[in-house]
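> For reference, the chains in residue letters:
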Amino acid sequence: MIETLTQLSYVVATALFILALHWMNDPRTARRGVYAGVAAMLIAVLATWAQPQIIVHHLWILLAIAAGFIVGWPLSRVPLTAVPQRTALSHSFGGLAAGLVGAAEYFLWRTEAPANLTPFRTTAIVAEIILGFLTFTGSLMAAGKLQEVRWIPQRPVTFPLQNVVNIGLLVLAVALGAGLVLHPAAIWSATVFLVIIGLALAFGVLLIIPIGGADMPTVISILNSYAGLSAVAMGFVLDNKLLITAGALDGSSGLILSIIMCKAMNRSFTNVLFGAFGKVEAPKAGGAQKVYKTETIEGAAQVLEQASLVVIVPGYGMAVAQAQHKVRELYDQLKKRGITVKFAIHPVAGRMPGHMNVLLAEADIPYTDLVEMDEINPDMPQCDVALVIGANDVVNPAARTEKGSPIYGMPIIDADKARTVFAIKRSKNPGFAGIDNELYYSDKTWMLFGDAKAVVGELVKQLSGGSGMH
Amino acid sequence: MSGRPIATLTISLLAGSAALAAPSPEPAEVSASAAAAAHAPGGGASLDYWSMLFVFMLATFIGIGVIRRVSRLLHTPLMSLTNAISAIAVVGSIIVTGSDHPLRIRILGAIALFASMTNIVSGFLITDRMLKMFKGDGGRR
Numbered sequence: 001m002i003e004t005l006t007q008l009s010y011v012v013a014t015a016l017f018i019l020a021l022h023w024m025n026d027p028r029t030a031r032r033g034v035y036a037g038v039a040a041m042l043i044a045v046l047a048t049w050a051q052p053q054i055i056v057h058h059l060w061i062l063l064a065i066a067a068g069f070i071v072g073w074p075l076s077r078v079p080l081t082a083v084p085q086r087t088a089l090s091h092s093f094g095g096l097a098a099g100l101v102g103a104a105e106y107f108l109w110r111t112e113a114p115a116n117l118t119p120f121r122t123t124a125i126v127a128e129i130i131l132g133f134l135t136f137t138g139s140l141m142a143a144g145k146l147q148e149v150r151w152i153p154q155r156p157v158t159f160p161l162q163n164v165v166n167i168g169l170l171v172l173a174v175a176l177g178a179g180l181v182l183h184p185a186a187i188w189s190a191t192v193f194l195v196i197i198g199l200a201l202a203f204g205v206l207l208i209i210p211i212g213g214a215d216m217p218t219v220i221s222i223l224n225s226y227a228g229l230s231a232v233a234m235g236f237v238l239d240n241k242l243l244i245t246a247g248a249l250d251g252s253s254g255l256i257l258s259i260i261m262c263k264a265m266n267r268s269f270t271n272v273l274f275g276a277f278g279k280v281e282a283p284k285a286g287g288a289q290k291v292y293k294t295e296t297i298e299g300a301a302q303v304l305e306q307a308s309l310v311v312i313v314p315g316y317g318m319a320v321a322q323a324q325h326k327v328r329e330l331y332d333q334l335k336k337r338g339i340t341v342k343f344a345i346h347p348v349a350g351r352m353p354g355h356m357n358v359l360l361a362e363a364d365i366p367y368t369d370l371v372e373m374d375e376i377n378p379d380m381p382q383c384d385v386a387l388v389i390g391a392n393d394v395v396n397p398a399a400r401t402e403k404g405s406p407i408y409g410m411p412i413i414d415a416d417k418a419r420t421v422f423a424i425k426r427s428k429n430p431g432f433a434g435i436d437n438e439l440y441y442s443d444k445t446w447m448l449f450g451d452a453k454a455v456v457g458e459l460v461k462q463l464s465g466g467s468g469m470h
Numbered sequence: 471m472s473g474r475p476i477a478t479l480t481i482s483l484l485a486g487s488a489a490l491a492a493p494s495p496e497p498a499e500v501s502a503s504a505a506a507a508a509h510a511p512g513g514g515a516s517l518d519y520w521s522m523l524f525v526f527m528l529a530t531f532i533g534i535g536v537i538r539r540v541s542r543l544l545h546t547p548l549m550s551l552t553n554a555i556s557a558i559a560v561v562g563s564i565i566v567t568g569s570d571h572p573l574r575i576r577i578l579g580a581i582a583l584f585a586s587m588t589n590i591v592s593g594f595l596i597t598d599r600m601l602k603m604f605k606g607d608g609g610r611r
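Residue numbers (my numbering), protein chains in the order written: chain A, 1 to 470; chain B, 471 to 611.
Because the hints were derived from the structure by calculation, they are not lab data.
Take the hints with a grain of salt, since some may be wrong.
Cut-off 30 Å, straight-line C-alpha distance, at most; resulting in silico cross-link-like pairs (DSS-like, lysine-lysine) [to be verified]:
#1 444(A) <-> 461(A)
#2 605(B) <-> 461(A)
#3 342(A) <-> 602(B)
#4 293(A) <-> 417(A)
#5 417(A) <-> 602(B)
These figures come from a predicted structure and were not determined experimentally.
The following block holds chain A by itself, in its conformation from the complex (with noise of 0.2 Å):
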């Protein structure tokens, strides 16, 4: 009886996933969503504690879950700008969990039911302390390196025979792994079973130190997988269709994801996970010394007034200063005047998928005149100011035209097609992939240069002062 109504219990939480994500195809029912989401997981977590072989340690759970909550509620406070750490840890925890648990079954059935490791399960087993474990320290970096800890660098760290050293790892490992298939309760299998979980750890950290800032979007989205396919894992050991499903549904989304990050940096999987982009090339010898011009913040002010359609392009340098604020006061004073604005948005602006729009959304610009770069190219040759704050690669045209450099077929936004661009930069150094930006020498760009909130603030300052002049 109690088994039937897990059973069934289980069956409504996976369709109020599916469900979940089906209503995030729009911003208008996205919010059902979560609740959606929520009732799934009460309902499986409820349908699971009562089952009857859970008769003892309630203690222990009640604790753990408080625990959660305790840990879980301030990291669901953090500001925007920290979303992609945030998400990367939770990766984390989602590896973590699920390699503790397959570590947890492997062993009591190792002394307790050895007939429960059959070669399916061991298999399963195997796989899930495999993606676990190199999800959980891999996303640690990966949140270490956005949060500019200290002590883990930050731009690539490459050695030789890299590639070598870290698909070696991975092989060695599931050689180990399919030994322990063969002999799941063996003297030396636990022995084993530790080097496996040793080697998963160590590759997690080899994965992602030769992975650069301008990579993380991509790389985000495929530990996104991993950690979906590791409860995937899990269900297969514990026997559990809704932690397949559930899990499924998860990796199927990192996947997409990461298929899409990839499209828009016009490169593959392997291409950035073994690829070490944002290697600084050695700088071109000779050429001639291309100078930038400037422009006077007053000077800016009064071109963007007689404009009648600017085009934002944000960037990473814009969630860094965190002057998404100051630029909803400069959409608004532009708005006064009746211009158009809208911004252009690539897919792989900032440091995850989406990043800007989120950002954006926090400073209340409507979703409505955030639009993607598919829709915004055809428009840009009609666009009297682009203004780019704090984006570099994603405006470059040698994209375009330069076959030697990194970024060469990666779609841009055609900044360089409107009549006036004004680039708001920290310094002139060039962008996280060490790569010279042909769109800062052109005839009709001008620099601002300085940090993008204090820019931002004084052409604001300068806009609704400047009113008061005619």
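With chain A fixed as given, assemble chain B onto it according to the hints.
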């Protein structure tokens, strides 16, 4: 919009996979599952791994179909929502923590339960917090 057919498809696929999941002990498995019954996590259900692979395959395709329709505006909230959903590992953690197992096993389970619970709480809360901020033209002010 195109939402209806997907929901219908989803429900019929679910019904199909539920039917596949019905216990059907294979003769070769009987001895193993009898010995395992005392500790089998599914409460003695047979180890029907073909139906599990079916469920995995179908769920992946449903996931791809549903996720591809998600608005690009919402990719960040989507990721935090799927984070919370993949914390369904909480189910496994509860089983390991609450059953009558040796202490060290339960400690592993409790840590896993803590980690999953953190993801559930922070994942759902931050998703809702972000979604609240998305306002259309009319919603402003």
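> Next, verify each hint and record whether it holds.
We went through each hint and held it up to the structure:
| no. | hint | in the structure |
| --- | --- | --- |
| 1 | 444(A) <-> 461(A) | holds (24 Å) |
| 2 | 605(B) <-> 461(A) | holds (26 Å) |
| 3 | 342(A) <-> 602(B) | holds (21 Å) |
| 4 | 293(A) <-> 417(A) | holds (18 Å) |
| 5 | 417(A) <-> 602(B) | violated (35 Å) |
Of the hints listed earlier, the one the structure fails to meet is number 5.
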